[in-house]
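Engineer: Chains as they are written, first to last, in the numbering used here: chain V, 1 to 269; chain S, 1 to 293.
Incorrect hints may appear among the rest.
What the hints assert, rightly or not - Cross-link-like lysine-lysine pairs, in silico, PhoX-like; alpha carbons within 25 Å at most:
#1 S:LYS100 to S:LYS165
#2 V:LYS100 to S:LYS285
#3 V:LYS3 to S:LYS100
#4 V:LYS2 to S:LYS95
#5 S:LYS65 to S:LYS52
#6 V:LYS2 to S:LYS100
#7 V:LYS3 to S:LYS201
Hints listed in this document are in silico derivations from the structure and should not be mistaken for laboratory results.
Here is how the chains run, residue by residue.
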Amino acid sequence: MKKVLLHTVMVVIAILTLLPGFWMISASLMPAGEASAYPPPFVPSEITFEHYDTLLTRLGLARYFMNSLILSVSITVISLFFNSMAGYAFAKYRFAGRDKLFRLLVAEMVIPAQVTTLPLFLMLNKLGLVNTYAGVIVTGMATIYGIFLMRQFTLSIPDSLIEAARMDGASEFKIYWSVILPLCRPILVTLAIFTFVGAWSDFFWPLIVLTDDSMYTLPVALAILAGEHVQDTELMMAGAVMTVLPVMLLFIALQRYYIQGIMLGSVKG
Amino acid sequence: MRRAAILFLIPALLPIFLFFFIPALAAFVLSFTDFDIYSLGDFRNARFVGVKNYLQLFEDPLFWKAMGNTFYFVLVGGPLSVAVSLSMALLVNSKLTRFKGLFRPVYFAPVVTTLVAVAVVWRYLYHPRFGLLNYGLSFLGIDPVDWLGDPVWAMPAIILLSVWKGFGYNMIIFIAGLQSIPEELYEAARIDGANAWQQFKGVTLPMLVPTALFVGIITMINNFQLFAEPYVMTQGGPVNSTLSIVLLMYQQGFRWWNLGYSAAIAFVLFAIILAGSLIQAGLQKRTGLSSRT
Numbered sequence: 001m002k003k004v005l006l007h008t009v010m011v012v013i014a015i016l017t018l019l020p021g022f023w024m025i026s027a028s029l030m031p032a033g034e035a036s037a038y039p040p041p042f043v044p045s046e047i048t049f050e051h052y053d054t055l056l057t058r059l060g061l062a063r064y065f066m067n068s069l070i071l072s073v074s075i076t077v078i079s080l081f082f083n084s085m086a087g088y089a090f091a092k093y094r095f096a097g098r099d100k101l102f103r104l105l106v107a108e109m110v111i112p113a114q115v116t117t118l119p120l121f122l123m124l125n126k127l128g129l130v131n132t133y134a135g136v137i138v139t140g141m142a143t144i145y146g147i148f149l150m151r152q153f154t155l156s157i158p159d160s161l162i163e164a165a166r167m168d169g170a171s172e173f174k175i176y177w178s179v180i181l182p183l184c185r186p187i188l189v190t191l192a193i194f195t196f197v198g199a200w201s202d203f204f205w206p207l208i209v210l211t212d213d214s215m216y217t218l219p220v221a222l223a224i225l226a227g228e229h230v231q232d233t234e235l236m237m238a239g240a241v242m243t244v245l246p247v248m249l250l251f252i253a254l255q256r257y258y259i260q261g262i263m264l265g266s267v268k269g
Numbered sequence: 001m002r003r004a005a006i007l008f009l010i011p012a013l014l015p016i017f018l019f020f021f022i023p024a025l026a027a028f029v030l031s032f033t034d035f036d037i038y039s040l041g042d043f044r045n046a047r048f049v050g051v052k053n054y055l056q057l058f059e060d061p062l063f064w065k066a067m068g069n070t071f072y073f074v075l076v077g078g079p080l081s082v083a084v085s086l087s088m089a090l091l092v093n094s095k096l097t098r099f100k101g102l103f104r105p106v107y108f109a110p111v112v113t114t115l116v117a118v119a120v121v122w123r124y125l126y127h128p129r130f131g132l133l134n135y136g137l138s139f140l141g142i143d144p145v146d147w148l149g150d151p152v153w154a155m156p157a158i159i160l161l162s163v164w165k166g167f168g169y170n171m172i173i174f175i176a177g178l179q180s181i182p183e184e185l186y187e188a189a190r191i192d193g194a195n196a197w198q199q200f201k202g203v204t205l206p207m208l209v210p211t212a213l214f215v216g217i218i219t220m221i222n223n224f225q226l227f228a229e230p231y232v233m234t235q236g237g238p239v240n241s242t243l244s245i246v247l248l249m250y251q252q253g254f255r256w257w258n259l260g261y262s263a264a265i266a267f268v269l270f271a272i273i274l275a276g277s278l279i280q281a282g283l284q285k286r287t288g289l290s291s292r293t
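Work out the full structure, taking the sequences as your base and the hints as a guide.
Structural biologist: Next comes the structure, spelled out in structure tokens:
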């Protein structure tokens with residue numbers, strides 16, 4: 001009896017949780033105007049892809065999609081590389097001031113990113129990086145959280161493995177590349193998903209630094225389109241689907257790593 | 001060895017220093033200047049004005065409105081989100097629950113969605129005439145509410161969206177916390193004759209305090225940065241009822257180019273977040289349990 005009640009509650013909450021997503025997909029396939037009716041329809045009377053077509057051909061969403069993809073992939077690859085090197089250095093090398101430097105870095109995590117945006121904009125403006133891919137990428141090349149996570153993981157790798165490689169005459173970079181990185185695979189996958197999803201969904205900074213509409217990322221373009229096409233419910237739902245779908249598919253494929261990563265981040269801080 | 005360490009650190013630390021640390025310091029300096037659109041072309045047009053921006057800010061009713069709204073979001077939305085996350089973690093983690101592997105990713109899915117996109121979707125769910133929410137409520141005999149058009153309901157509507165979007169994340173952290181509670185504690189409580197509710201109150205809750213504080217801090221920091229939801233759904237309206245501190249900072253800085261004034265807003269935000277973090281960290285120390293912090 002208790003068990004039935006428990007599962008009923010959980011199923012109802014699951015349905016409510018998924019409902020916005022279901023309605024988004026469903027409405028994106030409805031003929032124009034159909035979603036604006038009472039009672040609101042749950043399924044399209046006939047399935048149409050015209051809104052996706054409009055977005056891709058007339059409203060240039062293919063371009064925004066590519067911008068988002070290029071930026072998210074670049075940020076993920078660069079930051080994974082840099083964070084893992086720094087995390088390794090903090091975990092396995094002894095040098096003066098190491099722990100102080102690390103503590104200083106972690107303490108900086110409390111600074112909200114918005115604080116930096118005004119001077120950063122002026123700075124990138126002087127450097128000619130406003131409205132370029134680089135202007136977005138520089139803020140994501142390395143993250144304190146990523147360094148932190150990599151350090152925690154690298155600490156658990158036995159020193160003897162590194163020593164053995166050093167005995168064999170491997171260069172320091174070779175040790176990092178062919179001993180440390182392969183062992184870090186699980187955390188690298190986790191961090192990669194985090195970074196990619198974060199970069200894909202990022203809104204505040206791209207909105208500021210990408211001033212020309214040919215450079216917009218999907219979220220920026222969608223926010224601006226949503227202001228101009230308030231009445232075009234079905235069109236906007238198709239835009240939302242195109243924005244959400246890539247990260248959702250990634251999550252479905254790799255959800256185990258994602259959820260583990262959150263637990264990892266919360267266990268040791 | 002030392003040289004290798006430096007070479008490994010520079011690629012990560014240099015961009016953080018240049019594009020995070022320096023701008024943060026510069027923002028502090030900027031907040032004491034009258035940097036505006038005329039200074040954009042030539043920085044020499046900006047002058048130091050001492051604490052004038054801060055004084056002006058504290059006299060600006062719009063700033064206090066934004067502060068009030070943001071605190072409303074943080075103080076109502078935060079605890080609500082933590083409570084929902086904890087309840088869901090208890091449900092998912094319950095011994096009676098089957099198909100955990102199915103429920104967990106479903107509840108978690110909203111976390112992975114793109115905030116701007118779901119804000120666009122929810123704007124239609126909140127539609128006073130055709131929205132799904134009012135339709136659902138009509139079955140409970142509740143009259144249509146103009147969620148985003150009514151100053152009383154706009155912020156609760158944004159809170160509801162943020163709870164939906166975020167509860168899965170904290171739920172996972174709570175599940176990790178629940179799983180780390182040693183089974184022996186429950187056994188000991190049962191031997192003492194504690195019923196389920198007493199076990200929850202006597203074992204589960206006290207053991208979860210450190211986790212709850214950790215979750216509380218990250219939720220609070222995130223919530224203070226409220227921006228995309230009002231930007232997309234309400235533009236801060238109706239009658240500024242959803243104007244947040246970051247939205248005000250954005251408008252002052254990047255719409256009106258009052259960069260000095262905007263930097264002062266950013267620093268007030270920073271000071272508040274810092275104070276909030278220190279208070280919660282202090283609580284964490286006082287609870288004496290630092291196992292999962």
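Engineer: Give a verdict on every hint.
Structural biologist: We went through each hint and held it up to the structure:
1. S:LYS100 to S:LYS165: 20 Å, holds
2. V:LYS100 to S:LYS285: 21 Å, holds
3. V:LYS3 to S:LYS100: Holds: LYS3 (chain V) and LYS100 (chain S) sit about 14 Å apart, inside 25 Å.
4. V:LYS2 to S:LYS95: Given that 25 Å is the threshold and the Cα spacing comes to 12 Å, the pair holds.
5. S:LYS65 to S:LYS52: 20 Å, holds
6. V:LYS2 to S:LYS100: 17 Å, holds
7. V:LYS3 to S:LYS201: 21 Å, holds
Going through the hint list in order, the structure satisfies each hint without exception.
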